[in-house]
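Visitor: Sequence:
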Amino acid sequence: MGNILSIDGICKSFSGIQVLKDVSLELEAGQIICLAGENGAGDRVIIRPS
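Residue 1 is where the sequence shown starts when you use the UniProt record's numbering, and the numbers rise one by one after that.
Please keep in mind that the hints were generated in silico from the structure rather than gathered at the bench. Treat the numbers as computed from the prediction; the structure is a model and nothing was measured. From the three backbone atoms N, C-alpha and C, an ideal C-beta is built for every residue, glycine too. Be aware that a few hints might be false.
Said to hold, decoys possible - Simulated restraints on C-beta separations: (1) Ile10 x Cys34: 16 to 22 angstroms; (2) Asp8 x Ile32: 17 to 23 angstroms; (3) Gly40 x Asn3: 26 to 32 angstroms; (4) Ile10 x Asn39: 20 to 26 angstroms.
Use the sequences and the hints to build the structure in full.
Guide: As structure tokens, then:
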């Protein structure tokens, strides 16, 4: 199966504070993943649209 989502080198900052640096991710059709982190760790920043 091919990738349904591929991101490479994502960076994000809020008010000058870098919260993501060089994040890459590939998802294949039918694949299940879990993204977990402590409260306030920034795990939702990866999937929240701007």
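Visitor: The structure should be examined with respect to each hint, and the outcome stated for every one.
Guide: Cross-check of the supplied hints:
no.	hint	in the structure
1	Ile10 x Cys34: 16 to 22 angstroms	19 angstroms, holds
2	Asp8 x Ile32: 17 to 23 angstroms	21 angstroms, holds
3	Gly40 x Asn3: 26 to 32 angstroms	30 angstroms, holds
4	Ile10 x Asn39: 20 to 26 angstroms	22 angstroms, holds
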